[in-house]
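The sequence shown begins at 5 in this note's numbering and counts up one residue at a time.
Be a bit skeptical, because a hint or two may be false.
Below 25 angstroms or equal to it, Euclidean Cα-Cα: the simulated DSS-like pairs (lysine-lysine) are [as the list claims (entries may be wrong)]: (1) K22 to K97; (2) K153 to K22; (3) K22 to K40; (4) K92 to K22; (5) K153 to K92; (6) K97 to K153.
Keep in mind the hints are simulated off the structure, nothing from the lab.
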Amino acid sequence: LPYAPVRYEVITSLLLDKYDFNLGGFSIRDDNRLDKVSIIPLLSPMQKTFGTRCFPADELATFPRFLNARLDNPLTFNVIPMPENAAKALMQKMNEAGNRERQVALVLRLRMTGVDAAFEQSRKKSKTDERRLTAHLESLAIFSDNSLKNQIYTHSFGN
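Please construct the entire structure, taking both the sequences and the accompanying hints into account.
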């Protein structure tokens with residue numbers, strides 16, 4: 005692989021379900037739940053803006069069409085813990101902003117640790133255009149807005 009950054013931030017969105025008083029937080033909607041996620045896409049033909057924001061076009065041409073990260077610590081995340089009064093305030097802000105779907109932004113911070121050697125061996129036999137790095141999930145953060153200004157939750161996974 006050509007030079008690649010050591011750290012990546014992957015930004016996506018999640019949809020919140022209703023506040024769960026038993027869990028003390030918002031559940032993530034079933035179709036957005038993160039259960040034992042171990043592969044995170046970093047680059048694919050569907051991510052049109054990735055190259056223009058992160059790399060010059062001539063460097064991007066040397067990258068594989070698909071670049072994924074295999075986490076050394078698979079991610080399960082289904083509840084955003086939050087006190088009831090903070091949840092009420094958040095729902096009011098979301099309603100005022102027209103966010104009736106309860107969409108939040110999820111930011112995953114990854115540190116690349118190497119190349120997935122086992123995958124590379126199988127890739128040579130199958131001739132796939134995917135490359136896979138190994139990564140450690142350092143942290144995740146949840147924001148109530150797409151501009152990533154209002155952080156409502158964060159969790160660090162350590163080294």
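Consistency of the hints with the structure:
For the suggested pair K22 and K97, the alpha carbons sit about 15 angstroms apart, so the restraint of at most 25 angstroms is met. Proximity of K153 to K22 is assessed by CA-CA distance (about 23 angstroms); at most 25 angstroms being required, the pair is judged to hold. Simply put, K22 and K40 have alpha-carbon atoms about 22 angstroms apart, close enough for the 25 angstroms limit, and the pair holds. Between K92 and K22, the direct Cα distance comes to roughly 11 angstroms. Compliance with the 25 angstroms bound is thereby established for this hinted pair.
Between K153 and K92, the direct Cα distance comes to roughly 19 angstroms. Compliance with the 25 angstroms bound is thereby established for this hinted pair. With a C-alpha separation of about 13 angstroms, the suggested pairing of K97 with K153 holds against the 25 angstroms cut-off.
Violated hints: none; the structure is consistent with every hint.
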